[in-house]
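Asker: Letter by letter, the chains look like this.
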Amino acid sequence: MDFEKERVPDHGESRGEAVDFRHLSAFQTVYQEKSYSCWGKGVVSTRKSVMRMMQNLERSFHCSLFEKGALGELVPSAFAERLFNDLRFLTAARYRMMDHVRGIRESGRVLHVGSSAAVFRTQEFRNLFREIQSIHGIRTSYSPVDAADAGRLLMSGQCDLYIGCWSGAASRFVSREAGRVGFRCYRRRGAEAATGSPPSARTCLVALDGKPPAGETIGRALETPEIITDSKWLYWLDHPEDCPADTRIIGPEVQLDPMCWEVEDLGVAGPVAKALRVSFLRQHPYEFLPALVGKIEKRVHL
Amino acid sequence: MTEPDIRELQCFLALVRSGSFSAAAHSLGVSQPAVSAQISKLEQVIGFPLFYRGPEGTSVTEQGQALVPLIEDIVREYTDLLRRAAYWRRAQTKQVKIWVDGSKAAQAARMRAGAVENHRDSEAWYDLQHDTGWTGALLNLEVDVVLAGSFLKAADVPGIRTRIIRAQRGITLAWNPTYHDFNRQSLSLVEAISSTAILPVSSMAMGFRDFLTHWCKSVYGQALDEAIECKSESDAVNACKLGLGVMLFPGDADERLGLGKEGLESVRAFEFTLPDAFIYGIRYRTDEQNPQILATVERLEKSMGKRD
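Just so you know, the sequences run in chain order Z and E. If you're matching positions, the first sequence starts at -18 in the numbering used here and goes up one per residue. If you're matching positions, the second sequence starts at 706 in the numbering used here and goes up one per residue.
To be clear, the hints were calculated from the coordinates, so they are not data collected in a lab. Glycine residues also receive a C-beta, built at the ideal position from the N, C-alpha and C atoms. Check each hint, because a few of them may be wrong.
Quick list of simulated restraints, FRET-style, between CB atoms [stated by the list, open to error]:
hint: 1; chain 1: E; residue 1: E1003; chain 2: Z; residue 2: R3; range: 40 to 50 Å
hint: 2; chain 1: E; residue 1: E767; chain 2: Z; residue 2: G118; range: 11 to 21 Å
hint: 3; chain 1: Z; residue 1: R33; chain 2: E; residue 2: S727; range: 16 to 26 Å
hint: 4; chain 1: Z; residue 1: N37; chain 2: E; residue 2: E934; range: 37 to 47 Å
hint: 5; chain 1: Z; residue 1: N37; chain 2: E; residue 2: G734; range: 19 to 29 Å
hint: 6; chain 1: Z; residue 1: A256; chain 2: E; residue 2: E761; range: 31 to 41 Å
hint: 7; chain 1: E; residue 1: A928; chain 2: Z; residue 2: G118; range: 53 to 63 Å
hint: 8; chain 1: Z; residue 1: A73; chain 2: E; residue 2: E1003; range: 36 to 46 Å
hint: 9; chain 1: Z; residue 1: N37; chain 2: E; residue 2: D940; range: 56 to 66 Å
hint: 10; chain 1: E; residue 1: R825; chain 2: Z; residue 2: V56; range: 31 to 41 Å
hint: 11; chain 1: E; residue 1: G864; chain 2: Z; residue 2: R153; range: 48 to 58 Å
Work out the full structure, taking the sequences as your base and the hints as a guide.
Answerer: See the structure below:
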C-alpha cells in the first residue's frame, strides 16, 4: 500500500486528535436526528457528552457544525453537510470490515487446542476434545505441544487452549481442572515379547507431562517404581515388541493392544489419577474461553 | 459487538508492515507498550488473535491477514476524510494552500506574496518536502496549488492541470573550472557523470533523476551512484561553486540561475532530442472550482510571467 496516500494533513490543519469513530458516529446521528438528545441509539451517551463530542469535532476541524434553528432544531452548517456526505465512504469501509469480522465470528472461530502426545492418547483427553468439538460456533484444531513449550506457545498465539498437567503463572494464565486421568498398571505379556529381551521385573511409572501421579502411594504399594518419560511410554505403546516381557508400567488409561498388554490390579486402596488442566492466556481475545473452561470445570465437579 | 477505533487500526497496519512492536511504535511515534496495548485491545474487540508473537518477531495470523485490505481501506478513507475536511475549511475561510519547490522562481513568488498583506492572509505557503509526491497530494486535496518543475511526461497525471511558466529544452551541465578541467567543446555526459553529479531533488524536477539514471545505464552502461541531491537551486549552485561535482540540471539552468555570473562554466545537452523537456509551472486540479484557488493561479501566472 502507498504510504504517501495515508499521510495525515499537517501544517496546523486538523490532525484528527478528537476525530475518532465514536465522535464521527455521534456526528452522523446528531446530523440525522437534528438534535443532541436523540442520540443514544446503540451507544448510551448523555446529551451533555454528545454536545461535548460535537465541540471536540468543531475544535479539530476548526469549523462550526450546527446552529440552532428558529424552532430549536439543529441546523447543520455547510461544512457539516459536506462532512456528512464525505463520511459515507468511511462508513462503508467500516461496515465492510465489521461484516467480515462478524462473518468470521458467526462461521466459527478456530480454537487451536494443544497437548502433549501422551495426553492426547488418553481417554480423558479424547472425551474432552469431543466435547469442545460439539460446541456450536467453534472450530477445533489440534496440534501437539510439549508441556515445556505450553507457556511459550500460549503466549505467542500458536495455541489457544492447552490441555495437560501444566499450569502457568496465575497472573498470566487461567488454568482450571478439566478432568482426571486414571492410571492403571499394564504388564507386558511374556510370550509375545521380543526374543532378545529377557523377562523383566521392572516397574515403571509414566511421568505424564513430566509429573508422576501420587508417587509415594504407588511407591509404597509397588516398591520404588522407575520413572519413565512420555516419549518412552509412547514408544513402548507403539512398539510393544521392544518392551521387555513382564515389565509393569503404571501409565495413564489408554487404548492398547490386549494381545501385548495385560491390565493388572494396582494394589492400592483408592484410584490413582492425575489432574488434567485446561489453560489459556488470561488476555486471550476469544471472549468465550472463560465460559468454555467454566463449563468444562463444572462437568468435572458434577 | 463493539467497533475498533482508528488508532487501533493504524497500530495494526504499522505492526503488519514493520513486523515488530518496537518498529511499529517508532513509526507511529508512540511507546512500545502503547502499541502492545492497542493491539491487545483490538484483538479483544475483534474477537480473535491477529498476530503470532515470538522472540524472533511478530507475524500476522491468517485471519489477521484477511483483514489487512479492509483496514487499509478504512485508514485511507479516514485520512482522505481529514484531507477533504481541511480542504472544505480552507474553502470556507478563503485560504489557498500552496507548496513550492526550491527553485529561485518559486521562492521569489513566495517572497512577493509575503510582502502583500492580502495574499499573506489568504495564502498559506509551504516548502515542498523532497520526498513528497505532490501529484498525489494535489489529487487528494491535501494542497491546492503546487509550484514545481517536471521532466518529460513525469507529471502528466490525469486530473492535474499545469499553467506553464517555463518550457525549456534539454539539460545543462555546469562546473567550476577551478576544480574541473573539462573541455566545453568535447564534454559529454559520460565524462560529466564520472565525477559526482549535483542533481535537483525529485520535487524540483519530477522524473529528471529517473531519466538520467535510465539513460546512463542503457546508453553508457554506468550507474548514477555518486550524486548530491540539492533541495534548492541555490544549494546546487553553491555545491558546484565549491567544486563538489558537476551540476546536471534540467532545461536552461544558465538562463534561470545565471551560472556564468557565479563563475561557473556550462554547456547544454540534448537540446534537440529533448525539446520542451523541462516544464516549470503552476499545478492545480483540473476540476477545481474554488474561485479563490483559480484566482490565485491567475495571479501567480501573471506575477511569475510566462516565459518560453
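Asker: When the hints from earlier in the document are held up against this structure, which numbers fail?
Answerer: Violated hints: 3 and 9; rest satisfied.
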